[in-house]
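Asker: One letter stands for each residue in the lines below.
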Amino acid sequence: MSSFLEVSHVRANIEQYHILHDISFHVPKGEVTVLLGRNGAGKTTTLRSIMGLTPVIAGEITFKGEKIRNQKPHLIANRGIGYVPEDQGIFHDLTVGENMRVAMKKENEETKERMDWILDLFPDLKKFWNKPGGQLSGGQKQMLAISRAYVNDNELLLIDEPSKGLAPIVVEKVMDSIHQMKERTTILLVEQNFMMASGIGDRFYIIDDGQTVQQGQMNELKQDGVLLQKYLGIS
Amino acid sequence: MDVLFSLAINGLATGMLIFLLAAGLTLIFGLMDVLNFAHGGLFIWGAYTGVWTYQMTGSFLGGIVTAIGVGLLLGLVTERFIVRPVYGSHVQQILITLGFMLVLQECIKVVFGPDQKIVSPPSYLEGSFIIGEIVFINYRLFIIAVGFLIYFAFYYLFKKTRVGLIVRAGVMNKEMIQSLGVNIKLVFLLVFMVGAALAALSGMLHAAYSGVIYAEMGLEFSILAFIVVVIGGMGNFKGSLLAAILVGLTQAFMAYYVPALSLATNMLLMAIVLVFRPQGLFALR
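As you go down the protein sequences, you meet chains W and F in turn. The numbering used here puts the first residue of the first sequence at 294, with every later residue one more than the last. The numbering used here puts the first residue of the second sequence at 110, with every later residue one more than the last.
It is possible that some hints are incorrect.
Simulated coverage check for chain W against chain F, where a stretch passes if three residues somewhere in it have a Cβ under 8 Å from a Cβ of chain F [said to hold, decoys possible]:
1. 366-373
2. 393-405
Once the Cα atoms are required to be at most 20 Å apart in a straight line, the calculated PhoX-like pairs of lysine-lysine come out as [claimed, not checked]:
3. 283(F) with 365(W)
4. 268(F) with 424(W)
5. 420(W) with 405(W)
6. 405(W) with 269(F)
Hints in this document: simulated from the structure, not taken from any laboratory. Computed from a predicted model, the values in this text were never measured in an experiment. Quick reminder that beta carbons are idealized off the backbone N, C-alpha and C, glycines included.
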């Protein structure tokens with residue numbers, strides 16, 4: 294499989310703090326790649342750096358063979374990268390429908406098909422179509438955020454901690470939806486919930502203290518108790 | 110009763126003029142977090158260039174079009190060269206935009222002369238008519254109509270079009286709207302230009318309403334607009350309309366019944382709002 298997104302030796306600061314020291318990984322097309330690591334390891338900053346929201350001071354990022362490092366976020370998004378931030382980024386005063394509309398770059402048959410597919414996947418969004426985004430539950434907000442990133446023909450979705458702060462039953466539903474999206478797009482997932490991530494991930498990278506320290510196939514990681522204990526605190 | 114109606118119409122007309130000025134101000138603050146004290150300068154440039162065209166050509170509509178055009182152009186210049194370098198710093202914004210306001214004001218004197226200019230509405234908007242015992246002055250009704258027209262046009266734009274949704278979304282979360290593929294800087298610039306055009310339009314309409322224009326009126330009038338933005342809630346378009354009407358009506362009634370307090374009333378109104386509801390009367394949160 295061809296490499297779709299390449300991140301090579303990326304370094305990034307937030308104000309005076311060195312957050313990313315040396316991040317390298319690649320995301321093959323059609324797969325779900327998972328970034329794992331403890332809180333504060335640099336996973337979110339990695340996604341933000343790819344999106345152009347946090348400046349990269351060294352290293353390179355390429356998408357479909359073209360350099361995108363430090364490009365403007367809207368240009369990166371328009372290359373076909375959808376982003377679901379950790380806080381979901383819902384426009385609180387806009388209704389669910391308006392949140393979707395503002396994300397839709399064009400309204401054609403293809404978008405309509407994707408929208409229908411989304412509404413089948415998340416019937417709650419249809420039900421609360423005219424409700425302000427700020428009044429949705431945590432799970433519904435997450436569904437809306439994922440749908441918004443998916444409604445355009447984005448070839449890559451960056452999803453940051455979709456299970457964060459959600460009840461287990463809701464987490465299951467959100468992860469199930471990501472599992473279904475896996476058939477239709479490439480996903481780079483940041484997730485702390487290893488049990489969930491291991492169910493949908495094909496490949497993993499572990500980030501620790503701003504560096505990628507381990508990588509491999511998700512099936513291998515599931516068997517590697519030492520690695521799980523060392524970097525993720527799972528015994 | 111007829112006095113009450115007359116005062117209400119006066120108040121509404123003044124309120125609409127303030128609204129046009131405040132609308133741009135609140136949009137610019139809401140979306141861009143920019144305190145633009147140069148807004149009053151755009152108001153006087155709209156007034157002077159519009160009146161100049163009106164008096165040279167005899168076309169009031171031509172004057173309005175000129176004012177809007179000059180507003181758009183000055184908005185472009187102000188955003189690009191004055192405001193853009195100081196995004197994120199309110200102190201710097203206040204200093205540089207206040208300075209630019211003074212530059213715009215003094216340039217008016219250089220270009221058009223320091224003297225006041227007398228303006229009257231076009232003949233087709235002059236005069237009045239009476240229904241019952243109430244006198245309706247045509248030009249005031251015209252201003253009220255323009256104010257509501259602009260409000261509903263923007264209401265439609267914000268509620269029904271994707272461009273409007275983008276602006277509203279940009280007010281709420283700039284990073285996210287960029288991550289959805291929107292060039293927020295371009296949106297900022299366009300909003301700034303539209304806000305400036307509204308200020309210039311307000312200046313032109315005000316010129317024929319007050320009958321006289323002078324370079325310092327921009328600063329005086331923009332203080333009212335800032336009061337309205339604070340009362341209505343920073344960044345709240347609907348709040349600006351309601352607050353502008355409130356300020357206009359209060360000013361009209363106080364000027365008639367308690368003229369000694371008339372000037373202080375708006376300041377008092379703002380102070381009371383800031384004490385009891387600092388986010389503004391019509392803010393959602």
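Asker: Each hint needs a verdict: does it hold in this structure or not?
Answerer: Hints and how they fare:
Counting residues of the stretch 366-373 of chain W whose CB lies closer than 8 Å to any CB of chain F gives 4, which reaches the minimum of 3, so the coverage claim holds. Against chain F, the stretch 393-405 of chain W contributes 5 residues with a C-beta closer than 8 Å to a partner C-beta. That satisfies the three-residue criterion, and the hint holds. Among the hinted pairs, residue 283(F) with residue 365(W) is consistent with the structure: their alpha-carbon atoms are about 13 Å apart, no more than 20 Å. The hinted pair formed by residue 268(F) and residue 424(W) meets the criterion: a straight-line CA distance of about 14 Å does not exceed 20 Å.
The hinted pair formed by residue 420(W) and residue 405(W) meets the criterion: a straight-line CA distance of about 18 Å does not exceed 20 Å. Restraint check for residue 405(W) and residue 269(F): the C-alpha separation of about 19 Å stays at or below 20 Å, so the hint holds.
Checked against the numbered hints given earlier, the structure satisfies every one of them.
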